[in-house]
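Chains as they are written, first to last, in the working numbering: chain A, -2 to 340; chain B, -2 to 340; chain C, -2 to 340; chain D, -2 to 340.
Honestly, the hints are just simulated from the structure, not real lab data.
Built from N, CA and C at the ideal position, the CB exists for glycine as well.
Among these hints, one or two may not hold up.
Straight line, CA to CA, 30 angstroms or less: simulated DSSO-like cross-link-like pairs of lysine-lysine [claimed, not checked]:
| id | chain 1 | residue 1 | chain 2 | residue 2 |
| --- | --- | --- | --- | --- |
| 1 | D | 278 | B | 278 |
| 2 | C | 231 | C | 309 |
| 3 | D | 309 | D | 231 |
| 4 | C | 278 | C | 231 |
| 5 | A | 278 | C | 278 |
| 6 | B | 278 | B | 309 |
Derived Cβ-Cβ restraints for the label pairs, each shown as a range [claimed, not checked]:
| id | chain 1 | residue 1 | chain 2 | residue 2 | range |
| --- | --- | --- | --- | --- | --- |
| 7 | D | 98 | B | 52 | 48 to 54 angstroms |
| 8 | B | 52 | A | 35 | 46 to 52 angstroms |
| 9 | C | 236 | B | 130 | 41 to 47 angstroms |
| 10 | D | 56 | A | 5 | 41 to 47 angstroms |
| 11 | A | 43 | D | 277 | 53 to 59 angstroms |
| 12 | B | 2 | A | 127 | 53 to 59 angstroms |
| 13 | B | 135 | C | 324 | 57 to 63 angstroms |
| 14 | B | 135 | D | 139 | 44 to 50 angstroms |
There are 4 protein chains.
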Amino acid sequence: MADMRIVPFRPDPSQYAWTFGGAAPVMRIAPGSVLEVWTEDCFAGQVRSVNDLPSAVLTGPGLNPQTGPFYVEGAEPGDTLAVHFVSIEPSRSWAASSTVPLFGALTSTNLTRTLQDPLPERVWIWELDAVGRTCRFSALDGDFTVDLPMDPMHGTVGVAPAGFEVLSALTPAAHGGNMDTPEMRAATTCYLGVNVEGAMFSLGDGHARQGEGETCGVAVECAMDTVVIVDVIKGRATPWPRLENDDYVMSTGSARPLEDAFRIAQVDLVEWIAADHGLSKLDAYQLVTQAVESPLANVCDTNYTSVAKIRKQWLPPRRGPLADVHLRMRQIGADYLKRTGAS
Amino acid sequence: MADMRIVPFRPDPSQYAWTFGGAAPVMRIAPGSVLEVWTEDCFAGQVRSVNDLPSAVLTGPGLNPQTGPFYVEGAEPGDTLAVHFVSIEPSRSWAASSTVPLFGALTSTNLTRTLQDPLPERVWIWELDAVGRTCRFSALDGDFTVDLPMDPMHGTVGVAPAGFEVLSALTPAAHGGNMDTPEMRAATTCYLGVNVEGAMFSLGDGHARQGEGETCGVAVECAMDTVVIVDVIKGRATPWPRLENDDYVMSTGSARPLEDAFRIAQVDLVEWIAADHGLSKLDAYQLVTQAVESPLANVCDTNYTSVAKIRKQWLPPRRGPLADVHLRMRQIGADYLKRTGAS
Amino acid sequence: MADMRIVPFRPDPSQYAWTFGGAAPVMRIAPGSVLEVWTEDCFAGQVRSVNDLPSAVLTGPGLNPQTGPFYVEGAEPGDTLAVHFVSIEPSRSWAASSTVPLFGALTSTNLTRTLQDPLPERVWIWELDAVGRTCRFSALDGDFTVDLPMDPMHGTVGVAPAGFEVLSALTPAAHGGNMDTPEMRAATTCYLGVNVEGAMFSLGDGHARQGEGETCGVAVECAMDTVVIVDVIKGRATPWPRLENDDYVMSTGSARPLEDAFRIAQVDLVEWIAADHGLSKLDAYQLVTQAVESPLANVCDTNYTSVAKIRKQWLPPRRGPLADVHLRMRQIGADYLKRTGAS
Amino acid sequence: MADMRIVPFRPDPSQYAWTFGGAAPVMRIAPGSVLEVWTEDCFAGQVRSVNDLPSAVLTGPGLNPQTGPFYVEGAEPGDTLAVHFVSIEPSRSWAASSTVPLFGALTSTNLTRTLQDPLPERVWIWELDAVGRTCRFSALDGDFTVDLPMDPMHGTVGVAPAGFEVLSALTPAAHGGNMDTPEMRAATTCYLGVNVEGAMFSLGDGHARQGEGETCGVAVECAMDTVVIVDVIKGRATPWPRLENDDYVMSTGSARPLEDAFRIAQVDLVEWIAADHGLSKLDAYQLVTQAVESPLANVCDTNYTSVAKIRKQWLPPRRGPLADVHLRMRQIGADYLKRTGAS
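So that you can see chain A by itself, here it is in the shape it has in the complex (with noise of 0.2 angstroms):
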C-alpha cells in the first residue's frame, strides 16, 4: 500500500473528450494506478431545473463529455485493460433526467424513423439523499413522490476503437462506450480489449441509478466522484467488454437488433467460460442456458446492450491470466478505502 500511485484528475470543461478515440491524452498513467476522478454529466452540467429544455439549453458540442482519455503505459493491441471501480459517488445533491425529442425507446427515432411527431419534452429533477442512499422522484403532473434507491454507475466506460475509429460518446460497440449497464458499479471489474498504443481509457456519464433498458434514454443523471484502479493484463485480447464481481461474471453485446446484442453476450459468455473454466462447448451452452441472468442496460442508444452474467460458484475454477484479476484488484481497492477512511 506504500507504493499505491494515486492519480487525482479533475477534467477542465475545455478538456472533456466527447469521443472514444481520436482525443489526445489528458495524461498518461503507469498500470496498477489508483485514479481518483471526476466526471460531468451527460447534459454537461446544463440541465439544472425543470425549466431547462435540453433542446433549449444544450450549447456543447455534444453529449457525455468524458474525463480522459487516459494513457496506460505499456498497453498495446492484444492486450486487455482491467478497470476496478473502487468507488463511485454523486458529487452533487441532485440529478436530471428528461425525455429528449426522437430520443429513447418509446418514440420513434432518428434512426427509427416514422412520420409522427414526438413527444413532449419534460425535465425532472431527482433529490439524491447520499446518506440514506435514495434518489427522491418528483412526478411533474401532481404531487406524488417515491424514494429509491440509490446505485450509482457509470454510463460511459471504454477505450480506443479498433480500425482507426472515432466514435460518439453515446455509442457503445466492442470497445466499450455507452453502455448503459447499471452492472457498472462499484466493486466491479471491467475488462476492455485494447485497440491502440495506450488504451486511450475514459469514463463519463454516470447515473445515480437506472433501469433496464434505460427506457426513456435518460437516466438519473449526475456529476461522480469516482475511483478506479487501472491495470493491463498483457498478451490477453477481450473480444468484448466483459465484467466481474464478487459473484458474477459477465459478458455484454452491443449491437443492433437487440437479439444480435444478446447473441453476442451469450456467444461470448459460453466462451469464455469453455476456455477460461474448462467446459466443452457445447457444456457451457447448456449451462448457461439454464443459468443465465440476462438483464438488459439500454434499449435506446446508437446500438442496444444486452448483459449476459453467470454466478461464478456454479462454474469450474478459473484457469489462465484472469484467474485472480478481481480478487487483486477488489483488495486494493479496499485498501484504499481504509487508507482514505472512505469506508
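Use these hints to put chains B, C and D onto chain A, whose structure you have.
This is chains B, C and D only, laid out in the frame that chain A set:
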C-alpha cells in the same frame, strides 16, 4: 373455504392440445375453480436419456403438449382471465434438455437462415431433488457437475387468440402462449385478455428452472403437478399478458425483433401504471425508466418475449378492478395449501 | 382444350374466409382446373369515398376477405400446389387507399409500440382506367393528380398452414398469405407447399398497383376478376412460396426483422438453384450475390416479405419435377384467353 | 467548357484512406472540378486468383481503400455536396469475389453471432469484357460459365461524418460511405450533407456489378477509372444521401435492423417530395406508397442500406435549390465526354 371448487385433471396423451385456439375444451370450469393438473414435458415425455436425440425419438404432432383447454364459464371477449399459480412441482426425479438442430438463440434457424451446418444435437439429463430443491447439471464432456436452485415454472400459459387464429404451442403472443418466462412461478397471478367465449385456457411446458432468454431453446424440461386458481374479471380488457406477485407488477411483450418485444412490455407497463395508479403518462414513463427491471424471457421462440417489472412499493396505490385480485387469490391459494397440508 | 375444366365462383359475403386454415372449403376442384373467381377488396368494399374512414365504417370480422378456400383433390402434405395467374382485372372503376391509425411502415404500430400519437386517418380514392391501364392519384391537399400504370396483383395467395395453425389473412408466412408482392401478377406461377389434405387454397386482397414495401400499409385496393389455373405437383415439397414467370424464378421469405425475411428468400433461392439447376451451393451463392434482384414486398404486415429473383437465362437448365410446369400452365392460360376472347 | 477544371488523381498505395473522417486531404479542389481518379479494389488488389484466400493474403490495415479525401473549397456544415458520376470504367480485365469467414448475409457474423462453424472460404475470378460490357462467372465446382451484363458502380462514396466521428470504410451511414448500391452508377448525381469544413469527399470499392443486397458480402470487385464532378450547394442541408438520375429521385437509409434502413429511406423520400415538390406530407406518403421502388443495396455491412426511388415524371415540378442541379451537372458530364472522346 367450504365452497372451494377443486377440479383435478390429468390428461390422457390423446387429450393433449398442441395449439392455442382450435382445440375442443377438455372440461368446463366455474370461475374461481382450483385446478389440480398434471402437465407433460415439452417433448411429450419421449426424451428420457442422453441417447434420445429429439430428431430421432419424437413421434408426436408437435411440441409443448398442453393440458387443456378449459372452458371458463362466463368468460367473454373484453374480460380478463386471472390465473393464480398456487404451486408448481416437478412430477419426476429428472428433467431433460438438449440442443435441437436449427433451433435456439446461438444458431441459425428456419427463420434466421444461413447456409451453415447446424450445431451437434446433444441431450442432457438433469437430476431433480425435490427436497433439496436443486437441479443437478452433469457435463457430457468431462465429469463436472453442479447443483442449481430449483425454480419451477410454466413456459406456456395462455388462452385462445383473437381473430379466429390458432397458434402453435411454440408461439408466444398477445394471447400468452409460449412466453417462457421464469416469472411464471408459484405465488404469481397472470392476467390474460379473453378473446373468445370461455377463454379456452391451457398450460404446459414445465421447467424445473431456466435462464433468462432460454438461450439454447430448451430449458430444464419436466412434467409438473400444478395447482392454479382461475377466475374472471368482467369488463376489464388486458392487451398483453400481465403478471403480479407480492412484490411486483409486470407486463410482457412478445414479438420480433427483440426491441419490439421490449417496447410492447415497457409501453404496456407505462400505460398500466398511468391507468391504474394515477400517474400521467410522461411521469409513468420517467418512473419506469429509472425503476424497471427488464428480464428477458425467451430469445429463441417464434416470437421473442421481454418482461418489464416494477416494485409495487414504488407506485401510488392501485385503483380499479384489479386492485385486490392478486391479494385475494393469494389468500385462497394459502388456504388451499393449508387445507391440503402442502405447506 | 376440349377438356379444360372451367370453374366459376363468386362468393357471397357470408362465404368469405378471414384466415388461412380453419375455414371449411367453399368447393372441391380437380387438379388442372381453371378458376374464374371474383375477390372483394381488403376493406370488404366498405371504404367507398374519402369520407369513409376505415376506423368508422368497417363492420366485418377482419380485413382481406378471402375467396376460397378451395379443396384441391389429391393434394397432400409434401406436395406442391402450382397456381398460375392467367388474368387479374379490376372489377370496379375505382380503388381505395388510406392511412390506418397505428398501421403501416412509417408509424408506430401495435407491434412496434411507442407512446406517440398516431398519424391522421385519411382516405384516397383512385380512379381506374381499364382501357388506358392507369390508376389516377388525386391529392387530398391541393389539386395535383397523376396517372400511374395499372399493374394488377393479389396481395393474398396461400394455403392452410402447417402444424394445425390458423393464421389471419393479414399474415404472410411459409404458407403464403398476405405477402403483398407486386410480382403476383398475371402470367406468373406461384408454387406453394401443401400442408393439409386438399391444400385449401384461397386468394384475395387485389391491388390495382402498389409500391415495393406497401409503405403506408394500404395499396390501391380493389375488387378483382381473376382467372387462375390450379394444379398439384405430387411428391415435391416447397418450403417457402416460390414464383416463376417467363423471365425469372423467385423465392420469398416472410419474417421479422426484415433481414430475416431477406435471408429466407436468398437462402431458398440459393438452395433451389443448387437443387434444380445443378450448381454447388457455394457457386449458387456467388452467382445469386451478383445477379439477384431483391424487391421488397411488404414492410408493414405482421411479417415482412422480401423477394429474391434471378433471370432464368443466367442459370443452367432446370431439371426435375418443376422443369416445365410454368411453360405448360402458361400455354393453358394462353389457350384459355384465346378461347374466351380476352386477348 | 473552356474553363472546365479537370483534376487527375491516382493515389499511391501509401495515400489510401481507410476511413471516412480522420484522414488528411490528398488535395484541395474547387467546386465544379472534374475529378479523374483511379480507385483500387476492396481487397487493395491483393486477391488476384482463386488461390488468394482473403484471410491469407490480405496484409493491409483494412478493406475498401479510399481515393481521397478531397477537401472541397467552400463546403461548410449545412451545405450539400453534389457528386455527379460522369463515367465509371473497370481498369483491369478481371475482378474478384469471395466468401469471407463470418462475413455476408447468409452466415453468422461477428455481429450476428452463433456457435456454428463458418462457411468455406472460396475465391471467384470474373473475366471482364469492356467492349462486350459483360462479366463472366465461372463456377468453381463444375464448368458452368455465364456472362452477366457489366454495370459498374462505386460501393463507397462519402464525406467525413458529423460529431467528430471517424468511421471505417466498411460502414454506411448518414455520411454515405459503404452503401453498396448499384444505383451509384454513371450518369447519377449523389447529394451528401456536409459535416465538416471542406466536406472531405472520398470514393472507392468499385464493382463491375452486384446483385441487390450484396448477399455474400462481396461484389464483383475491381479497380476503376472514374470521372466525377464535385460541386457545392450552399445553405442546403441533406440529412441522408440522396441520388438522382435522369428518371428517378432516390433516398437512402443505412441502419440495423433492415426495417430501420427502409424507414429512413422512405421517410426521407416522403419529406423530400413534400418539401421540394409541394405535396402535403400525407399526400406524399400515399403517392410514395403506390409508386416507390425499394431496391436493397447491402444486407451484409455494419449497417444495412435500403434505397427508395420514385420516377420524377410522376411528381409535381421540383422547386428550390436542387431544381436543376442534376440537369446542369449531366450536361457538363456530356461535354466532358464529348471533349475527351469517351462517347
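Range agreement (Cβ of residue 127 of chain A with Cβ of residue 2 of chain B, hint 53 to 59 angstroms): holds (55 angstroms)
Range hint compliance [Cβ, residue 135 of chain B to residue 324 of chain C, 57 to 63 angstroms]: holds (59 angstroms)
Straight-line alpha-carbon gap residue 278 of chain B to residue 309 of chain B, limit 30 angstroms: Since the Cα atoms of residue 278 of chain B and residue 309 of chain B sit roughly 17 angstroms apart, the hinted pair holds (cutoff 30 angstroms).
Proposed proximity, residue 231 of chain C with residue 278 of chain C (alpha carbon, max 30 angstroms): Distance ~25 angstroms between residue 278 of chain C and residue 231 of chain C Cα, so the pair holds.
Supplied distance hint 48 to 54 angstroms, evaluated on CB atoms of residue 98 of chain D and residue 52 of chain B: At 27 angstroms between Cβs, range violated.
Distance restraint hint 41 to 47 angstroms, applied to the beta-carbon atoms of residue 236 of chain C and residue 130 of chain B: Between residue 236 of chain C and residue 130 of chain B, where Cβ atoms are some 44 angstroms apart, the hint holds.
Satisfaction of hint between residue 231 of chain D and residue 309 of chain D, Cα-Cα up to 30 angstroms: It holds: about 23 angstroms lies between the C-alpha atoms, which stays within 30 angstroms.
Hint consistency between residue 278 of chain D and residue 278 of chain B [alpha-carbon to alpha-carbon, up to 30 angstroms]: holds (28 angstroms)
Beta-carbon spacing of residue 56 of chain D to residue 5 of chain A - inside the hinted bounds 41 to 47 angstroms or not: holds (44 angstroms)
53 to 59 angstroms as the expected CB spacing between residue 277 of chain D and residue 43 of chain A, which holds or is violated: violated (37 angstroms)
Agreement of residue 231 of chain C and residue 309 of chain C with the hint, judged by alpha carbon distance not exceeding 30 angstroms: Cα-Cα ~24 angstroms, so holds.
Residue 139 of chain D and residue 135 of chain B - C-beta distance against the hinted 44 to 50 angstroms: Cβ of residue 135 of chain B to Cβ of residue 139 of chain D: about 48 angstroms, so the range 44 to 50 angstroms holds.
When held up to the earlier numbered hints, the structure conflicts with 7, 8 and 11 and fits the remainder.
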